[in-house]
Amino acid sequence: MNLMAEILIQVIIAFLAGSLLLGLHRKVMARVQKRPGPPIVQQLIHSLKFFFKETAFPKTVSKVFYIGIVFILALIWVVGVIVGPVAKDSLLILFGVYAVYKIVEHNSGSSSGSPYGKLSCVRAVLSAATELPLFAAIVFVYMVTGTMNIGEIITYQSVHGPLIYSIPLAALMFFMLILTKSPYSPFAITKDKVLISGFETEHFGFLRGFMLFSEAIAWYVLLWVFLTIFFGPLNAVGYLIGMIVISFVTGFINATTPLLSPNHSVMTQITIGAICFAGTALMIFTGVVA
Amino acid sequence: MDFVTLGGNLLGTIRLGDIVLYLTPFSLFLFAVLLGFTVLIGLSKPETQVEATMHYLNNTEVKVGQKELKQRRFLAVICGIASAGAMITGDLFNFTLFMALVGILNIGIVSAVKQTSVLDSAFNYGLIAMMCSLPLFGGAAIILAATGTLSLAVLSQMPASPMVVLGAVLMLLGILGESGVAPFFASKAEMFRTAGSPYIVIIHLSSLFIIVRAVEILLLVLW
Numbered sequence: 001m002n003l004m005a006e007i008l009i010q011v012i013i014a015f016l017a018g019s020l021l022l023g024l025h026r027k028v029m030a031r032v033q034k035r036p037g038p039p040i041v042q043q044l045i046h047s048l049k050f051f052f053k054e055t056a057f058p059k060t061v062s063k064v065f066y067i068g069i070v071f072i073l074a075l076i077w078v079v080g081v082i083v084g085p086v087a088k089d090s091l092l093i094l095f096g097v098y099a100v101y102k103i104v105e106h107n108s109g110s111s112s113g114s115p116y117g118k119l120s121c122v123r124a125v126l127s128a129a130t131e132l133p134l135f136a137a138i139v140f141v142y143m144v145t146g147t148m149n150i151g152e153i154i155t156y157q158s159v160h161g162p163l164i165y166s167i168p169l170a171a172l173m174f175f176m177l178i179l180t181k182s183p184y185s186p187f188a189i190t191k192d193k194v195l196i197s198g199f200e201t202e203h204f205g206f207l208r209g210f211m212l213f214s215e216a217i218a219w220y221v222l223l224w225v226f227l228t229i230f231f232g233p234l235n236a237v238g239y240l241i242g243m244i245v246i247s248f249v250t251g252f253i254n255a256t257t258p259l260l261s262p263n264h265s266v267m268t269q270i271t272i273g274a275i276c277f278a279g280t281a282l283m284i285f286t287g288v289v290a
Numbered sequence: 291m292d293f294v295t296l297g298g299n300l301l302g303t304i305r306l307g308d309i310v311l312y313l314t315p316f317s318l319f320l321f322a323v324l325l326g327f328t329v330l331i332g333l334s335k336p337e338t339q340v341e342a343t344m345h346y347l348n349n350t351e352v353k354v355g356q357k358e359l360k361q362r363r364f365l366a367v368i369c370g371i372a373s374a375g376a377m378i379t380g381d382l383f384n385f386t387l388f389m390a391l392v393g394i395l396n397i398g399i400v401s402a403v404k405q406t407s408v409l410d411s412a413f414n415y416g417l418i419a420m421m422c423s424l425p426l427f428g429g430a431a432i433i434l435a436a437t438g439t440l441s442l443a444v445l446s447q448m449p450a451s452p453m454v455v456l457g458a459v460l461m462l463l464g465i466l467g468e469s470g471v472a473p474f475f476a477s478k479a480e481m482f483r484t485a486g487s488p489y490i491v492i493i494h495l496s497s498l499f500i501i502v503r504a505v506e507i508l509l510l511v512l513w
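Protein sequence lines, in the order shown, are assigned to chains A and B. Start counting the first sequence at 1; every next residue gets the next number (my numbering). Start counting the second sequence at 291; every next residue gets the next number (my numbering).
In isolation and in its complexed conformation, chain A is listed as follows (with noise of 0.2 Å):
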């Protein structure tokens, strides 16, 4: 297939699949709190429907950052889309990818001037404990695998079984993160109600759209790095039912969790990091992964 075709199919599948697999975490989240919820397209439709409101530009923003970063937003998670599902490139690609991901999470809400912002961009710093989990659990699937690459890691999936089984301490730490990002979670420090929306609450009509279209396309790849690193080769279905199930999981957790004060949040992160790096190190080094 033509690789802007296929770039393009894979952008949209993503954000198709990234908002209802979000429409199915606030649900889930709804039914465990004993409320109705919305519908699961209502996050598709609330992307959509950002992109023809009228949009308003506060009087004391940074505007080249206030604006321009929304759209960096956009575009790095078409990069993850590109370097992952299409490409199946280099592991170490993604991770800077979601390094710029912090960056614009920290930039959008201080060039905003607002004092929400601002307290979301200080968390968003404190937040910088979920990377090194992140980073520990990719040196070990290299040090397992001996590649960054993602279809290289598929293929020894394919000989050696699943690292799920290996190393499962590290897919614990690469599920916190994807924990943390999730909506309403016990980590998500920076999006705390105290701070209104966090550093998208100055963010209105199609800026806040292409966030929204930006945040589904961030669970989506997220999701789907997860399950090919540590789930092996699967197909569509397997993909599918694999998200699914990841969503139902977190909207679980969150809907009966409370959010964690920034201190005690970040000292969570680290000492499960902690723990799980622990182990994992002594299971590669004791020779119990081969």
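Calculated directly from the structure, the hints in this document are not laboratory data. All C-beta atoms in this analysis are idealised placements derived from N, C-alpha and C, irrespective of residue type, glycine included. A few of these clues could be false.
[Unchecked claim] Stretch by stretch, here's where chain B covers chain A in the computed footprint (C-beta under 8 Å, at least three residues):
| id | region |
| --- | --- |
| 1 | 62–70 |
| 2 | 106–112 |
[To be verified] Anything over 12 Å on all C-beta distances counts as not near chain A; from chain B, calculated:
| id | residue |
| --- | --- |
| 3 | Gly297 |
| 4 | Leu306 |
| 5 | Val323 |
| 6 | Ala342 |
| 7 | Ile418 |
| 8 | Ile432 |
[Claimed, not checked] With a straight-line Cα cutoff of 27 Å, these simulated DSS-like cross-link-like pairs (lysine-lysine) come out:
| id | chain 1 | residue 1 | chain 2 | residue 2 |
| --- | --- | --- | --- | --- |
| 9 | A | Lys63 | B | Lys360 |
| 10 | A | Lys193 | B | Lys357 |
| 11 | B | Lys353 | A | Lys59 |
| 12 | B | Lys404 | B | Lys357 |
| 13 | B | Lys357 | A | Lys191 |
| 14 | A | Lys59 | B | Lys404 |
| 15 | A | Lys59 | B | Lys335 |
| 16 | B | Lys357 | A | Lys49 |
| 17 | B | Lys357 | A | Lys63 |
Following the hints, position chain B against chain A.
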């Protein structure tokens, strides 16, 4: 381990005498993003930060003055260029130099701010960065002494001896402190409370990207 396994196909090298820069999709992505942000920083004007006035029902507007704006923009642009250099360098010593330069510039960007908490945070970060420059450069020196080279292309083909492992561990410690990530981020977070969003973004961006690049460099050296 080679560049291809880690960062994708080698797209080319740029030889500047002893200094060899190399481009893979990974390094090119990081380099392009940093240059893009640097251009945006050069074009941007800072936001007006609105804060609640203590004990009154008013808002206080915090603006960056014209003179301070020019100084911070200049330092932020230099920081962006230094970080971009760290993304494509093929030399371990150059990486440590860029890293140290980024650390100094990060402090410089907020040095003219008049908020005590921000200056305190910058001072604390400066102390950690200064202490961590010893293991950073010491680690690179140990690797040089053990292998006789600082070229990443050559180091990637060599087996890692215990001294190289020690050097890499020291470098990791230095990088964590210099970039101010966990567990040292607590010293740095308050620096972001100041106004001037386009300039403080480079502090966060440079730290994160240097960590991302450091992962590749340490894997190249160790495996």
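Hints versus structure:
1. 62–70: Since three or more residues must qualify, the claim that chain B covers the region 62–70 of chain A holds, with 6 doing so at under 8 Å.
2. 106–112: Answer holds; 5 residues pass the 8 Å Cβ test.
3. Gly297: 6 Å, violated
4. Leu306: 24 Å, holds
5. Val323: Check fails; 6 Å does not lie beyond 12 Å.
6. Ala342: 7 Å, violated
7. Ile418: 15 Å, holds
8. Ile432: 21 Å, holds
9. A:Lys63 x B:Lys360: 17 Å, holds
10. A:Lys193 x B:Lys357: 37 Å, violated
11. B:Lys353 x A:Lys59: 13 Å, holds
12. B:Lys404 x B:Lys357: 13 Å, holds
13. B:Lys357 x A:Lys191: 34 Å, violated
14. A:Lys59 x B:Lys404: Answer holds: Lys59 (chain A) to Lys404 (chain B) is near 24 Å, not above 27 Å.
15. A:Lys59 x B:Lys335: Holds, because 13 Å separates the two Cα atoms, which is no more than 27 Å.
16. B:Lys357 x A:Lys49: 43 Å, violated
17. B:Lys357 x A:Lys63: 20 Å, holds
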